[in-house]
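Chains as they are written, first to last, in my numbering: chain P, 3 to 82; chain G, 2 to 433.
Fair warning: there could be bad hints in the mix.
What the hints assert, rightly or not - Here are the in silico distance ranges between beta carbons for each label pair:
(1) G:305 <-> P:8: 48 to 56 angstroms
(2) P:70 <-> G:407: 48 to 56 angstroms
(3) G:157 <-> P:82: 27 to 35 angstroms
(4) P:66 <-> G:153: 22 to 30 angstroms
Stated by the list, open to error - Which chain P residues face chain G? A few, computed with CB under 7 angstroms, are given here:
(5) 59
(6) 61
(7) 66
These aren't lab readings, by the way, just hints derived from the structure by calculation.
Glycine included, C-beta positions come from ideal geometry on N, C-alpha and C.
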Amino acid sequence: MSDEIKPDLELDLKGLLCPLPMVKVSQRIKDVPVGGVIRAVATDPGAMADIPAWAKSTGNEVVSAGKVGGEFVFLVKRVK
Amino acid sequence: MADATTTEATELATLAGVIDKKMTRQLKQYLDLCARCAICKDACHQYVATQDVKYLPAYRAELIRRIYKKYFDKTGRFVPALYEGRDPDENLLDELYETTYACTGCRRCMYFCPFSIDTQFILSVAKAMLIAAGRGNEMLGQLADAAIFKGDNMEMFHDVIVDGFKDVEKEVQEITGDPTAEIPVDKQGADILYVALAGAHSIRPAAVIFHEAKESWTLSLFEAANYGFFFGDPVKARKIADRFMDEAVRLGVKEVVITECGHAYRVAEIFHEAWAGKKHPFKVTHVLEKIDAYIKDGRIKVSKAIELPITYHDPCQIGRNGGIFEQPRDIVKAISKDFRDMTPNRQEQWCCGGGGGIVAIDEMNEFRLKSGMKKVEQIRATGAKIVASPCENCRLQMEGLDEVHQLGVRIAAIMDLVVESMPLKGRDAAKV
Numbered sequence: 003m004s005d006e007i008k009p010d011l012e013l014d015l016k017g018l019l020c021p022l023p024m025v026k027v028s029q030r031i032k033d034v035p036v037g038g039v040i041r042a043v044a045t046d047p048g049a050m051a052d053i054p055a056w057a058k059s060t061g062n063e064v065v066s067a068g069k070v071g072g073e074f075v076f077l078v079k080r081v082k
Numbered sequence: 002m003a004d005a006t007t008t009e010a011t012e013l014a015t016l017a018g019v020i021d022k023k024m025t026r027q028l029k030q031y032l033d034l035c036a037r038c039a040i041c042k043d044a045c046h047q048y049v050a051t052q053d054v055k056y057l058p059a060y061r062a063e064l065i066r067r068i069y070k071k072y073f074d075k076t077g078r079f080v081p082a083l084y085e086g087r088d089p090d091e092n093l094l095d096e097l098y099e100t101t102y103a104c105t106g107c108r109r110c111m112y113f114c115p116f117s118i119d120t121q122f123i124l125s126v127a128k129a130m131l132i133a134a135g136r137g138n139e140m141l142g143q144l145a146d147a148a149i150f151k152g153d154n155m156e157m158f159h160d161v162i163v164d165g166f167k168d169v170e171k172e173v174q175e176i177t178g179d180p181t182a183e184i185p186v187d188k189q190g191a192d193i194l195y196v197a198l199a200g201a202h203s204i205r206p207a208a209v210i211f212h213e214a215k216e217s218w219t220l221s222l223f224e225a226a227n228y229g230f231f232f233g234d235p236v237k238a239r240k241i242a243d244r245f246m247d248e249a250v251r252l253g254v255k256e257v258v259i260t261e262c263g264h265a266y267r268v269a270e271i272f273h274e275a276w277a278g279k280k281h282p283f284k285v286t287h288v289l290e291k292i293d294a295y296i297k298d299g300r301i302k303v304s305k306a307i308e309l310p311i312t313y314h315d316p317c318q319i320g321r322n323g324g325i326f327e328q329p330r331d332i333v334k335a336i337s338k339d340f341r342d343m344t345p346n347r348q349e350q351w352c353c354g355g356g357g358g359i360v361a362i363d364e365m366n367e368f369r370l371k372s373g374m375k376k377v378e379q380i381r382a383t384g385a386k387i388v389a390s391p392c393e394n395c396r397l398q399m400e401g402l403d404e405v406h407q408l409g410v411r412i413a414a415i416m417d418l419v420v421e422s423m424p425l426k427g428r429d430a431a432k433v
């Protein structure tokens with residue numbers, strides 16, 4: 003399902019150490035319209051908790067989060 | 002019915018009341034004492050780099066002092082214009098926001114002030130006022146809320162966090178060459194609770210070192226970083242630190258060891274007991290204090306494997322504000338052949354410009370990198386090829402300075418360098 007979503011913004015967060023992936027998603031969410039989606043790819047496993055926690059606490063939505071090879075891929079939807 | 006002017010006056014008085022709520026003998030002294038000698042201008046890396054008065058420590062404090070004069074000082078109340086008394090109006094709040102959230106809280110100005118005026122302390126009142134006015138830094142507030150949410154809903158994140166630890170554990174087994182090496186979590190009765198950052202980079206080398214030292218330890222489920230502290234809200238800051246402090250009590254550990262992070266160490270060691278209003282049933286140490294002891298006690302073996310010239314940057318929150326100066330230097334000297342200290346150093350060390358949460362504030366990037374000029378000069382003067390520093394914010398800033406100024410240096414965490422200098426069976430098979 004989430005494979006069908008076309009992201010409005012791609013964020014390459016590979017190599018960034020936590021909490022920086024969360025910081026970058028947080029900084030860039032305003033660059034997509036409400037309803038828009040960021041596709042973020044990180045390599046630090048800490049992002050798997052950080053980014054969903056940030057999304058929940060800010061009222062945004064993680065549409066999907068998963069490990070693909072050695073990378074962590076997130077689709078984050080701007081809700082407000 | 003109140004008209005607009007009355008409402009506005011009430012709002013201004015309410016904001017000014019934040020000063021009253023925060024008033025202590027110490028704050029009153031700071032607000033009354035400044036002689037405007039401007040010695041602090043030569044102490045602040047931001048003022049030195051920009052020559053902009055808004056970054057002059059005395060001026061930053063002056064903004065709060067003017068509100069104090071108008072509302073709480075007898076002479077200022079009667080003749081505000083004469084004493085430069087001001088309302089916390091839109092213009093003042095705009096100015097206060099920029100000067101306050103730009104400050105890294107390094108407290109170098111306090112060190113050189115003849116009256117030891119603590120500008121960071123005054124700016125903590127400024128942050129409280131900005132937050133009351135709904136003008137706290139949004140990014141820092143969001144990051145603080147995310148940490149609190151994680152703590153309040155650990156059942157939602159527990160498995161994914163522990164899965165991440167398991168991946169790191171495999172790397173630790175490869176590096177040590179010991180398939181039994183582990184990253185213990187939730188281990189009741191362990192001697193040490195190690196509090197890392199969310200990133201694997203602060204877990205992996207510590208796990209290797211604890212394993213080799215045969216330490217009784219367990220890893221916290223929570224990260225040490227505290228954006229509530231940077232945001233300026235002591236309630237949020239305390240909640241974030243409570244997560245691992247409560248964990249330490251629950252597990253019955255003897256010691257909480259904070260990773261290579263400046264502000265997290267200061268929050269845990271200096272502030273948390275006062276915030277919580279009770280004494281910790283364990284001691285709080287910085288991980289470099291432990292590693293220094295392991296080396297000196299022979300619990301881990303290291304060699305002088307670092308051949309390139311290396312220098313050490315004292316993070317402000319660990320050095321000047323935390324009192325740890327010698328242990329990191331002793332570690333670096335034990336693992337390297339050519340240690341070159343910066344000048345000045347220890348209590349007088351220049352701030353790199355990356356503290357106070359400023360690395361997370363996108364709109365301050367250009368200013369932040371500009372403010373690091375003194376650090377650039379210091380690094381260049383050593384001729385070092387490696388800069389070791391036990392603070393994530395300092396390292397991020399210095400990596401930025403390295404890129405902008407083509408310094409050609411490697412910015413490194415000390416734990417990583419220690420692991421590189423240890424005889425480890427599996428080290429060559431994996432990168433630490």
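Hints, verified against the model:
no.	hint	in the structure
1	G:305 <-> P:8: 48 to 56 angstroms	holds (55 angstroms)
2	P:70 <-> G:407: 48 to 56 angstroms	violated (35 angstroms)
3	G:157 <-> P:82: 27 to 35 angstroms	violated (21 angstroms)
4	P:66 <-> G:153: 22 to 30 angstroms	holds (24 angstroms)
5	59	holds (4 angstroms)
6	61	violated (10 angstroms)
7	66	violated (13 angstroms)
The structure is inconsistent with the numbered hints 2, 3, 6, 7, although it conforms to all the rest.
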